[in-house]
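Line by line, the protein sequences are chains A and B. Position one of the first sequence corresponds to residue 129 (our numbering), numbered consecutively onward. Position one of the second sequence corresponds to residue 46 (our numbering), numbered consecutively onward.
Calculated from the structure, these hints are not laboratory results. There could be a bad hint or two in this list.
In silico lysine-lysine, PhoX-like type, Cα no more than 25 Å apart, as pairs [unchecked claim]:
1) K342(B) / K288(B)
2) K94(B) / K270(A)
3) K288(B) / K132(A)
4) K362(B) / K342(B)
5) K288(B) / K362(B)
6) K132(A) / K255(B)
7) K270(A) / K288(B)
8) K319(A) / K288(B)
9) K193(A) / K165(A)
Each pair of labels, with its calculated beta carbon distance range [stated by the list, open to error]:
10) T141(A) / N210(B): 44 to 54 Å
11) G223(A) / E208(B): 18 to 28 Å
12) N243(A) / T92(B): 21 to 31 Å
A few chain B residues that don't get close to chain A, going by computed Cβ distances all over 10 Å [what the hints assert, rightly or not]:
13) I117
14) P240
15) A294
Ideal Cβ positions, reconstructed from N, Cα and C, are used throughout, including at glycine.
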Amino acid sequence: MTIKSRPVYGTLTPQAGTSHLLIADAEGAAAILDLAKKAPAGFFASAEIMYFPGSEDRHHVDALKALAPQKFYEGPSFAAALPRLRQILEEAHMGLRLYVAGTEVLISQVELAANAVGVDHRAIQAEHRGSLARRVQCVHCKGITENVTTQPYTCSHCGLLLLVRDHYSRRIGAFQGVCINAEDPTEIPEKEEIFR
Amino acid sequence: MGINFKQETFRDDYTFRNSPEQIRRFPFPFHEDGYMYSVNIEPHVPTRKNSVFEHLFDVDEHYVSEMRDRAIVLAEDPLRCQSLPHMTLAGWDTLELLMTEKAASYPDLFTLTRDGDKWHWINRPLGIDDHFTFGDTATLPYSPLEYITRQSQGDFAVCDQRENNLWMDAGMVTTQADWSLDFDIGMNFFEWHAPVPLAHEMGVFTRALKFLTSIQQGQPARRLNWTMTINPRLDTSPENFHKWGTDRATVTPENVGQKVHLRVEVQMFFRLPRSNAILFPIRCYLISMDELTTSPKWARRFHRVLRDLPNELAEYKGLVRYRPTVVEWLSKRDDGAPTSPGFGPD
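Between the sequences and the hints, there should be enough to build the whole structure, so can you do that?
Okay, structure coming up:
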């Protein structure tokens with residue numbers, strides 16, 4: 129079933145622009161490689177790729193480098209790359225095109241960073257690849273837990289056992305987590321690994 | 046008219062009660078012996094005397110205590126009142142609408158004097174007497190939206206209209222049926238209704254949005270919605286669900302009459318003049334099962350509605366745990382006689 133508040137992601141497609149910033153994590157690299165097959169000659173000469181391989185095999189790194197982008201950055205995590213990304217966005221000129229591919233967690237965070245400098249999410253090409261892990265905000269304490277793969281999950285801030293609701297806020301870049309055993313705290317449902 | 050404002054609580058010792066007159070004017074939401082979603086929107090025009098629709102904005106015996114409860118919620122959680130930066134004008138529109146309507150409907154309680162943009166507002170039940178400059182936020186103790194909705198019963202969502210959609214971009218939400226303004230702010234009409242089962246597939250929201258985006262100034266509309274609440278608690282927010290959720294497990298055959306409440310929302314829709322926003326007040330009325338069943342017709346009808354409610358709706362409204370106990374209690378107050386058409390108590 130579709131979730132009405134959840135973004136619908138597309139397929140990365142080369143856009144007309146003076147420069148291109150492509151951001152991906154893990155399996156998202158494959159979306160950039162697919163885009164490259166459709167890209168016009170010279171596309172990557174004005175492109176920067178930011179990639180977070182995570183525990184992925186190194187072969188994606190080599191394949192992305194082989195596209196010969198103007199700049200290639202490999203980082204350990206999105207959080208580590210955020211200052212760099214902010215600088216790029218703040219100094220960007222008209223004509224920069226943004227692309228993001230990979231986990232929903234990455235997409236939401238890139239959209240938030242872009243939004244902070246006035247870039248609407250509709251101006252961003254986004255493609256979902258790889259893990260279905262979710263970024264979830266606890267509705268009770270407002271703390272955000274990254275990479276949630278189980279239903280329910282334990283809030284990493286306040287410790288409540290939370291149901292991940294199929295309700296997504298683009299402004300927060302997260303799903304909503306609501307206490308699953310509020311009616312009877314002695315009921316402890318099993319955690320199931322469902323967002324893989 | 047002389048409303049007798051009650052001193053009562055909606056938390057802790059729960060001293061909230063309805064007077065017999067307030068029970069008679071309760072906005073019972075079922076016009077037949079069953080319930081399913083419908084758009085059910087009608088013009089919001091002042092109607093019967095001594096009904097909650099006598100004025101555009103109803104002030105009742107719970108006013109002063111409800112405003113005290115709102116202040117408690119806001120002190121604990123200021124995120125219950127928010128406004129995105131482009132919504133300040135809509136806040137002034139809201140303030141103007143509420144002040145002019147309240148002063149016109151209840152001249153003994155509220156007085157508004159305007160000299161150009163120099164306004165003087167007197168709210169006698171809450172002991173407020175303020176001078177301010179309309180349009181200048183610095184002359185009020187709060188933002189215009191927060192200022193006036195701290196003095197108005199019910200929640201208020203303020204929706205910006207653009208791209209043929211409504212965007213929940215501001216609000217005051219402290220008496221909500223399990224939705225979070227802090228989470229939903231900035232969402233469009235379909236997004237903030239995402240968790241509602243069945244209705245999307247029925248096309249309810251598409252039709253409702255079409256209607257709402259075409260509402261004209263001076264032609265407000267309203268609809269009723271309902272759920273149930275254990276104990277007369279106004280703040281049934283998701284934020285505090287881990288605190289009030291256990292109440293749902295406390296219903297027994299002996300305490301149904303006092304503990305279980307029908308919660309009715311009168312939802313209204315006003316076009317605002319300067320901002321072109323839609324003001325969406327959501328006024329909550331509570332009535333205990335003991336109070337409700339003082340009307341034999343309401344007792345029969347609510348029994349049949351609750352008994353036959355589809356499971357998805359019972360689940361969404363959070364009634365699953367106690368529904369059988371309440372249906373059993375109500376069944377003893379339903380002799381099977383036919384009920385008359387219409388909402389009234391007979």
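Requested in this report: Go through the numbered hints given earlier and state which of them the structure violates, listing their numbers in rising order.
Outcome: 1, 2, 3, 10, 12, 14 and 15
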